[in-house]
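Let the sequences and hints guide you as you build the complete structure.
Protein chains in written order, with the numbering used here: chain A, 1 to 595; chain B, 596 to 847.
The hints are simulated quantities; they were obtained by calculation from the structure and are not laboratory data.
Fair warning: there could be bad hints in the mix.
Examples of chain B residues toward chain A, derived with CB under 10 Å [to be verified]:
1) Arg643
2) Arg645
3) Arg777
4) Leu781
5) Asp824
6) Asp827
The beta carbon of each residue, even a glycine, is placed where N, CA and C say it ideally should be.
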Amino acid sequence: MSTATVSHSSRKVSGGAFLVEDLLPGEIFTPEDLSDEQKQMAEITADFADKHVLGNIQEIEAKNFDLSRKLMRDLGELGLLSVDVPEAYGGMELGHVTSAMLTDKIAVSGSFSVTFSAHVGIGMLPLIWYGSPEQKQKYLPKLASGEWIAAYALSEASAGSDAMNIHTRAALSPDGKHYVLNGEKMWISNAGMAGLFTIFAKVDGEKFTAFLVEAGTPGLTVGPEEHKLGIRGSSTCPLALVDCLVPVENVLGEIGKGHHIAFNVLDVGRYKLAASAVGGARTVLRDGIRYGRDRIAFGKPVTSFGLIQEKIADTAADVYAGEAAVYRTVGAIDAAMPEGEKSPQQIQRAIEEFAVECSILKFWGSEMLERAVDKMFQIFGGYGFVEEFPVERAYRDSRINKIFEGTNEINRLITTGWMVKRAMQGRLALLPAIKKVMDEVMAGPSLQAPPSGALGAERSLVRNAKKLGLFCSGAASQRFGTELSEQQEVVGMLADMLAEIMVSESALLRAEKSAEQMPMGVRLAKYFIANSFRRMVMLAEKLVAAVAEGDTLRTQMAIVRRLAKHEPVNTVALGREITATMVAAGRYTVEEVRG
Amino acid sequence: MRILAIIRQVLDAEESVYVDNRTVDLKGRKLVMDTMDEYGVEEALRIRERGAEAEIVVVGIGPARFEEALRSALSMGADRAIHVETDQEVDPIALSGVVAAIARKEEAQMIFCGGQQADWDSQALGAAVAEHLDWPALTWTRKLELKGTTLAGQRDAEDGVESFEVDLPAVVTTQQDLNEPRYPTLPNIMKAKRKEIRRETLESFGVALKVRSHGVEAQNRERLREVIDGRDAAAAASQLVAMLREKAGVMA
Numbered sequence: 001m002s003t004a005t006v007s008h009s010s011r012k013v014s015g016g017a018f019l020v021e022d023l024l025p026g027e028i029f030t031p032e033d034l035s036d037e038q039k040q041m042a043e044i045t046a047d048f049a050d051k052h053v054l055g056n057i058q059e060i061e062a063k064n065f066d067l068s069r070k071l072m073r074d075l076g077e078l079g080l081l082s083v084d085v086p087e088a089y090g091g092m093e094l095g096h097v098t099s100a101m102l103t104d105k106i107a108v109s110g111s112f113s114v115t116f117s118a119h120v121g122i123g124m125l126p127l128i129w130y131g132s133p134e135q136k137q138k139y140l141p142k143l144a145s146g147e148w149i150a151a152y153a154l155s156e157a158s159a160g161s162d163a164m165n166i167h168t169r170a171a172l173s174p175d176g177k178h179y180v181l182n183g184e185k186m187w188i189s190n191a192g193m194a195g196l197f198t199i200f201a202k203v204d205g206e207k208f209t210a211f212l213v214e215a216g217t218p219g220l221t222v223g224p225e226e227h228k229l230g231i232r233g234s235s236t237c238p239l240a241l242v243d244c245l246v247p248v249e250n251v252l253g254e255i256g257k258g259h260h261i262a263f264n265v266l267d268v269g270r271y272k273l274a275a276s277a278v279g280g281a282r283t284v285l286r287d288g289i290r291y292g293r294d295r296i297a298f299g300k301p302v303t304s305f306g307l308i309q310e311k312i313a314d315t316a317a318d319v320y321a322g323e324a325a326v327y328r329t330v331g332a333i334d335a336a337m338p339e340g341e342k343s344p345q346q347i348q349r350a351i352e353e354f355a356v357e358c359s360i361l362k363f364w365g366s367e368m369l370e371r372a373v374d375k376m377f378q379i380f381g382g383y384g385f386v387e388e389f390p391v392e393r394a395y396r397d398s399r400i401n402k403i404f405e406g407t408n409e410i411n412r413l414i415t416t417g418w419m420v421k422r423a424m425q426g427r428l429a430l431l432p433a434i435k436k437v438m439d440e441v442m443a444g445p446s447l448q449a450p451p452s453g454a455l456g457a458e459r460s461l462v463r464n465a466k467k468l469g470l471f472c473s474g475a476a477s478q479r480f481g482t483e484l485s486e487q488q489e490v491v492g493m494l495a496d497m498l499a500e501i502m503v504s505e506s507a508l509l510r511a512e513k514s515a516e517q518m519p520m521g522v523r524l525a526k527y528f529i530a531n532s533f534r535r536m537v538m539l540a541e542k543l544v545a546a547v548a549e550g551d552t553l554r555t556q557m558a559i560v561r562r563l564a565k566h567e568p569v570n571t572v573a574l575g576r577e578i579t580a581t582m583v584a585a586g587r588y589t590v591e592e593v594r595g
Numbered sequence: 596m597r598i599l600a601i602i603r604q605v606l607d608a609e610e611s612v613y614v615d616n617r618t619v620d621l622k623g624r625k626l627v628m629d630t631m632d633e634y635g636v637e638e639a640l641r642i643r644e645r646g647a648e649a650e651i652v653v654v655g656i657g658p659a660r661f662e663e664a665l666r667s668a669l670s671m672g673a674d675r676a677i678h679v680e681t682d683q684e685v686d687p688i689a690l691s692g693v694v695a696a697i698a699r700k701e702e703a704q705m706i707f708c709g710g711q712q713a714d715w716d717s718q719a720l721g722a723a724v725a726e727h728l729d730w731p732a733l734t735w736t737r738k739l740e741l742k743g744t745t746l747a748g749q750r751d752a753e754d755g756v757e758s759f760e761v762d763l764p765a766v767v768t769t770q771q772d773l774n775e776p777r778y779p780t781l782p783n784i785m786k787a788k789r790k791e792i793r794r795e796t797l798e799s800f801g802v803a804l805k806v807r808s809h810g811v812e813a814q815n816r817e818r819l820r821e822v823i824d825g826r827d828a829a830a831a832a833s834q835l836v837a838m839l840r841e842k843a844g845v846m847a
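Dropping the structure here:
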């Protein structure tokens, strides 16, 4: 890895630790830690996205794939498709932070974002991680230049969330030179413009395996484009495999170990989805602010009205916290990655370690984007409903994010399930932490002054959010034991609590880390954490009501109330302050801007 | 051969201008290399790519923040940079003395600079540098080709295009019709990190400022936010004429 650009300011933490440990600000990576070179790369990518993606948006949305392919080649020429490619194959190998940052900055259009991410993420990573030297030599240069577009083909008509249930089969040909693939794939992003497919099939109907299949291989047919609600400028087609002959040397990784490839790539796909959700929210916020600033109602710009200001403040705080959570996670993944040449197993371990953060980012990020487009839509009023305005497209485009890369339901189950599993394996000190909280609440109230500093009250809120989360985990497992996983609604509430904790803590640490230089960050973090804690308390009440009754319920509610006790922040006043800066800047900013 | 490209850093065109206490408040705003100057950096690179042996040196005269713009030029492919640091607002004529001194010291044969400042609109720098050095000035160029030590090209004149040929050294000013500047590639961004930025002080040039700025104010052009419904073309046209006459006062 070219460590030159990537400063590892994040300490080696383990996945899920956010619930049981208190981190110091210096221990996480934040957007403020990006190097000058990374910031320059971000600028270029954002500029390219504005000029060439938004500048051609009608063509892109009309499925002019020649144009999309050209834009991808342009990105290839700039080196923007080589960020994850090892240096030995002409790439830059700049790490997960840089990679997420580019995904974030390119995300001004849902359609092109999907084309880009499906290529550099789920499209190229399986080959980069698991490919043989020959396979990499053969395909990586073509993919890194954008000459070929990559696609990842896992889903089938009856195997979406339950991906292990695929029916596509592969059998060795009698001469031993080919695998013969038969089956059908559905919802394959980039299929209509791809040169290389990573197709998952079961060898002899049982051994889950990945294959590299070139477009034009006899027996591989790309079906017609789906007519979609959103991301219309991206390609989504089914694939038909009828006696498709794939040379044996195109088996990717090991026979029967394809699920490692499938799932590891999905973890990266998940944090990348969150990175593009953050980029999308930042873009729609800019559009909303600029429209609102110019739109006059009752003789005043609509941004001067409180209910509009609240929407801008909510979204700005969401973007700030989202950035914090995404960059913190990718920083931790980079810090966990060994230096130099990495085996697929080492990469797998480093990423798997943060699977729970990736799942949280996925469902939280996609829902954050949905809130953002909905709120900004409201600023546009009736015009937002008309196609000429960008928010109409953003609204349609955001919806798919709650579905692909694992539905938000699946990711909520993964989140809670992963924490429980880690605790059972003794790899996460969850049970001692729960016990500590239980002991503490049983001991009665203690008078503890909140920590000092600009964010002292927030540090104490996040600490209490963790206690609420731990207490609720304890209450739920006490009630259901090993049957907890059957109680999906409860599992989902716990996942939501974990997300509030993870994202709030990220916002807190980010703001603390740059508190002196960036008072705007302090305001945004305060605003986010105050509202997050309110959601946290509601979740706790809902959960306790679902797991306890009678006296137990009353006791548990008393505990929830005690943990929830705090002096609330005036988020109305704070929100107006935040919005004033955003409106002055004409976009999302963490700087002090006057205007 | 050595080519100098003079650059400035200005407020990004997308950003709004906020004036407070008679100065433009740049805090928290996005700043970029002046695009007019960027055409010069790009053209210098193209001249080299077409076969000329040239070292390309970018020169910025301004506050510490100019370094970002110099880095951008280095990432595009310039070889090294000279940063004359000053927080003072230097008028183009005083500036031209500094540029001329650097050109002499560096033994430059060609100097590129933007045809017009994106922020204060001055077009004086190029011509003033040429005057200092007693070199020819080719302003507002739209096409350039170097043949040996002769520069051929075209420049925009008042109502047309003038073709020219000039023996180097020369000062060339640039504009949007000349080229489309490239984006720095990721590998070049990494390389630029190791390129030299030489820092000098304005004082060492002994230049006296000729203009003292007493402050600025912004002209607020308020939008009327009137929308003409274009479904009935004739009605729209007469409505437009009425508005130009009555509201804008630009028609009798």
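| message | Which constraints among the numbered hints does this structure fail? Numbers only, ascending. | response | Result: hints 1, 2, 5 and 6 break, sorted rising.
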